[in-house]
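Taking the hints into account, I'd like the entire structure generated from these sequences.
Each protein sequence line maps, in turn, to chains X and V.
Numbering-wise (the numbering used here), the first sequence opens with residue 1 and increments by one.
Numbering-wise (the numbering used here), the second sequence opens with residue 567 and increments by one.
Source of the hints: derived by calculation from the structure; they are not laboratory data.
What you are looking at is a predicted structure, and each value in this text was computed from that prediction instead of being measured.
It is possible that part of the hints are untrue.
Cross-link-like lysine-lysine pairs, in silico, DSSO-like; alpha carbons within 30 Å at most [claimed, not checked]:
1) V:Lys626 with X:Lys262
2) V:Lys628 with X:Lys163
3) V:Lys626 with X:Lys474
4) X:Lys31 with V:Lys685
5) X:Lys564 with V:Lys664
6) X:Lys159 with V:Lys668
7) X:Lys368 with V:Lys609
8) X:Lys445 with X:Lys159
9) X:Lys369 with V:Lys609
10) X:Lys31 with V:Lys698
11) X:Lys146 with V:Lys668
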Amino acid sequence: MNDNDDLRLLLEIWLSETENDEMERLLERLKVDDAFRSLFIDEVIMMGKIKVVNSSEPKFSYLQEILDSHPSSNDDKDYQDQVIASLKKQQKDKKVIKFFLAIAAIVAFSFLLPKSITTNTSKKTAAKQVTKEDIKPTFAYISSQKDASWKSPNRNLQKNIFKEKIHLLSGSARIDFDYGASLIISGETIIDVREAGEIFLEKGNINCEVSELGHGFRILTEDSEITDLGTAFQVEAGETTKVHVLDGEIEIKPKDSQELKKFYEKQAVTVAKSGFQDLVYSPDVTQTVENFEISQEENREQKLKVWRTTNTSLNRDPDTLFHLVKSKRPVRNSRRDVKGNGVKAFHVIGCSNGRGRWNENGSLDYTKKYDRTMARLQSEDQKNLTLSSWVKVDKLKLGETAIACFEVSGRWIKNVRNTNQKIQNFKPDAFHCLRWHIGGKGHLKLHIAYYGDVHKAGSLKNFQYTSPSVFDEKIEGEWIFLSASIDSNKRVIKHYMNGTLVAELPYKADHYFNLEFLELGNLSHPNKEAKVPDFRLRGSIDQMLVSKRVYTDSEIADLYHKSKPE
Amino acid sequence: MKDEELNTTLSKVLQGDIDAYWYIVDKHKLLVSSYIATILFNKSDVDDLTQEVFITAFNKLKDFDQSRTFTSWLVGIARFKMTNYMRSKKRQSNLVDKFREKVIELISPELESKMANDKDENIKILLQCISKLPQNMKLVVKSNLNGNKAQDLAHEMNSTCSAIYNLQYKANGLLRTCVQRELNNE
Numbered sequence: 001m002n003d004n005d006d007l008r009l010l011l012e013i014w015l016s017e018t019e020n021d022e023m024e025r026l027l028e029r030l031k032v033d034d035a036f037r038s039l040f041i042d043e044v045i046m047m048g049k050i051k052v053v054n055s056s057e058p059k060f061s062y063l064q065e066i067l068d069s070h071p072s073s074n075d076d077k078d079y080q081d082q083v084i085a086s087l088k089k090q091q092k093d094k095k096v097i098k099f100f101l102a103i104a105a106i107v108a109f110s111f112l113l114p115k116s117i118t119t120n121t122s123k124k125t126a127a128k129q130v131t132k133e134d135i136k137p138t139f140a141y142i143s144s145q146k147d148a149s150w151k152s153p154n155r156n157l158q159k160n161i162f163k164e165k166i167h168l169l170s171g172s173a174r175i176d177f178d179y180g181a182s183l184i185i186s187g188e189t190i191i192d193v194r195e196a197g198e199i200f201l202e203k204g205n206i207n208c209e210v211s212e213l214g215h216g217f218r219i220l221t222e223d224s225e226i227t228d229l230g231t232a233f234q235v236e237a238g239e240t241t242k243v244h245v246l247d248g249e250i251e252i253k254p255k256d257s258q259e260l261k262k263f264y265e266k267q268a269v270t271v272a273k274s275g276f277q278d279l280v281y282s283p284d285v286t287q288t289v290e291n292f293e294i295s296q297e298e299n300r301e302q303k304l305k306v307w308r309t310t311n312t313s314l315n316r317d318p319d320t321l322f323h324l325v326k327s328k329r330p331v332r333n334s335r336r337d338v339k340g341n342g343v344k345a346f347h348v349i350g351c352s353n354g355r356g357r358w359n360e361n362g363s364l365d366y367t368k369k370y371d372r373t374m375a376r377l378q379s380e381d382q383k384n385l386t387l388s389s390w391v392k393v394d395k396l397k398l399g400e401t402a403i404a405c406f407e408v409s410g411r412w413i414k415n416v417r418n419t420n421q422k423i424q425n426f427k428p429d430a431f432h433c434l435r436w437h438i439g440g441k442g443h444l445k446l447h448i449a450y451y452g453d454v455h456k457a458g459s460l461k462n463f464q465y466t467s468p469s470v471f472d473e474k475i476e477g478e479w480i481f482l483s484a485s486i487d488s489n490k491r492v493i494k495h496y497m498n499g500t501l502v503a504e505l506p507y508k509a510d511h512y513f514n515l516e517f518l519e520l521g522n523l524s525h526p527n528k529e530a531k532v533p534d535f536r537l538r539g540s541i542d543q544m545l546v547s548k549r550v551y552t553d554s555e556i557a558d559l560y561h562k563s564k565p566e
Numbered sequence: 567m568k569d570e571e572l573n574t575t576l577s578k579v580l581q582g583d584i585d586a587y588w589y590i591v592d593k594h595k596l597l598v599s600s601y602i603a604t605i606l607f608n609k610s611d612v613d614d615l616t617q618e619v620f621i622t623a624f625n626k627l628k629d630f631d632q633s634r635t636f637t638s639w640l641v642g643i644a645r646f647k648m649t650n651y652m653r654s655k656k657r658q659s660n661l662v663d664k665f666r667e668k669v670i671e672l673i674s675p676e677l678e679s680k681m682a683n684d685k686d687e688n689i690k691i692l693l694q695c696i697s698k699l700p701q702n703m704k705l706v707v708k709s710n711l712n713g714n715k716a717q718d719l720a721h722e723m724n725s726t727c728s729a730i731y732n733l734q735y736k737a738n739g740l741l742r743t744c745v746q747r748e749l750n751n752e
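Structure representation (structure tokens):
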């Protein structure tokens with residue numbers, strides 16, 4: 001093959017993201033052939049530029065907010081300009097203008113007074129502007145974790161780190177700072193993130209690797225102030241602070257001393273408040289970033305095998321009525337995406353194909369109001385049930401976030417308008433619907449309704465089983481594993497989040513429910529009346545499971561751990 | 567943006583003139599976006615990261631060593647942001663993902679240095695050049711091929727995927743020549 005053929009093939013693989021037998025060979029050529037590599041880079045650059053010039057201009061609204069809230073040297077001048085501008089609107093009466101100009105002069109004079117007096121006035125004028133306090137910057141991100149247990153359960157959901165304290169109880173995690181530092185923390189570790197480039201290590205073990213961009217990153221402990229000067233180092237904070245320098249150099253100042261000392265590669269030191277003590281270099285406080293990533297990769301491959309085996313056994317379980325495991329390809333949704341004992345029909349309206357929890361599978365993405373998924377299951381009347389699904393909510397406060405709903409066929413047969421015809425089919429206490437959804441404030445809800453007096457319009461017996469609020473909008477965009485079960489034998493309804501029981505409620509009714517007609521995602525009609533509660537989903541669903549058997553607490557926890565990639 | 571003009575503008579920003587920073591953003595946004603778009607396909611990801619680059623640059627502007635090239639400093643921040651972003655999105659890798667990772671690793675240093683020497687003005691010229699392409703190439707170039715788009719386009723143009731990629735490759739060559747010619751004429 002000549003240069004052009006190889007280049008075209010490489011470009012094709014690069015763009016199409018499709019496997020090809022030539023990948024290894026092309027990679028090798030890219031490695032050894034400088035001219036070939038340079039030609040490919042030119043192609044990639046051209047593609048990048050084309051993409052940008054062909055697209056609409058981005059709106060940097062967050063940057064705008066940050067710059068608007070930034071104190072400017074022109075603030076005083078702007079304020080006077082605003083006063084004059086507002087006066088110009090009232091040009092009807094020149095006398096009035098003169099009067100206000102006089103006031104403006106007084107206000108302008110007030111700028112000569114101490115700042116504390118004038119601040120309030122300035123704030124009033126800028127009332128509509130976003131203040132610094134309104135913008136809560138994200139400083140870091142938990143990019144991966146291994147067997148991590150956090151003191152705050154929400155930490156499993158909330159990956160972004162703001163100016164806050166984080167407490168790892170056990171396991172390990174990788175934290176990447178926007179400032180340019182990557183940390184591996186392990187064992188019980190308490191960190192207080194104070195600034196973009198500064199943390200206070202209260203207790204625990206840290207491996208810190210700082211990129212060229214993040215020089216000056218600081219780790220404070222009870223005993224010391226450690227400043228990076230371009231390096232990798234490990235810190236163990238307990239009764240004293242122990243530091244090992246793996247690469248480059250750092251600067252350390254004991255807290256109660258003025259002595260500032262530099263330490264270099266393969267040096268170690270114990271720092272007390274008053275000074276330094278020698279320490280044998282043994283950098284095994286925690287894993288380095290590279291070793292952590294290697295073990296994570298091995299872990300991922302192992303987990304993938306387990307996940308596949310779990311899927312196979314779930315699909316073969318006679319109690320599984322519905323199990324959604326979308327393939328990544330083909331792009332179109334198809335009946336093959338669902339398994340289960342007797343799925344009679346599967347119909348997707350709208351919905352885009354998203355990225356699932358695993359690279360090997362996709363998800364159903366719901367963005368528009370009419371995006372919904374319907375399935376018809378071969379199901380007898382049931383008294384027990386387990387529901388579980390990975391759910392990613394992109395917007396929590398839309399009203400009620402719908403996950404799934406079982407409802408009698410009337411909802412499907414939209415053209416059945418004859419009320420009597422409906423009544424003939426349903427008797428008092430007959431099942432009407434079972435809805436699984438999330439409240440706007442993060443409550444998990446199961447709502448079950450039965451027919452009351454079938455001759456009275458809207459006469460339904462409603463039972464709602466609601467958990468305490470378990471999350472807020474901080475989890476928007478994060479995958480969470482939700483489960484719910486109805487056990488009519490033990491007369492209990494349970495809600496779970498990420499494999500953990502969050503609510504156990506007494507089951508008040510003892511009727512059968514019908515699981516034949518299942519809808520996922522948006523439930524409300526796009527043109528619904530305003531008074532009717534809105535059941536929307538702006539987000540994604542992956543690995544939805546419906547089983548007619550009640551899963552135990554440990555089975556739910558097991559399902560959660562086996563179905564998550566990290 | 568000439569060095570002298572840039573240094574004056576930077577000094578103004580450091581003195582608190584926020585409008586001056588918008589001028590800097592305006593003069594460099596195409597360059598930063600293009601660099602990020604060489605690796606990331608999704609345009610909204612490109613826009614988000616470009617914005618983050620300018621936020622970080624603003625916050626760290628006082629640390630910028632004016633003896634360095636401003637564009638290479640910006641591209642360096644962009645590289646860092648992109649690496650972090652890709653790491654945060656990294657999941658169970660398949661063969662193609664691993665292949666892309668290795669390619670990125672191999673080309674990154676040279677790509678960064680080539681982009682750092684580019685200018686927004688040069689990128690703008692590209693738009694004129696695209697308009698001069700033959701119709702079929704223009705269609706391919708404007709479709710931003712990635713993922714399965716080539717299949718859809720091949721179907722639309724009654725052609726094959728290979729032919730579509732070939733057209734893109736040829737168009738890239740023509741565009742490079744055109745941009746160079748336009749620059750020489752200026």
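Going through the hints against the structure:
1. V:Lys626 with X:Lys262: The hint holds at about 25 Å.
2. V:Lys628 with X:Lys163: Holds, at about 22 Å.
3. V:Lys626 with X:Lys474: holds, 27 Å
4. X:Lys31 with V:Lys685: holds, 28 Å
5. X:Lys564 with V:Lys664: Roughly 20 Å separates the two Cα atoms, so the pair holds.
6. X:Lys159 with V:Lys668: holds, 27 Å
7. X:Lys368 with V:Lys609: Given that 30 Å is the threshold and the Cα spacing comes to 20 Å, the pair holds.
8. X:Lys445 with X:Lys159: Distance of about 25 Å is within 30 Å: holds.
9. X:Lys369 with V:Lys609: holds, 24 Å
10. X:Lys31 with V:Lys698: violated, 35 Å
11. X:Lys146 with V:Lys668: holds, 24 Å
Checked against the numbered hints above, the structure violates only hint 10.
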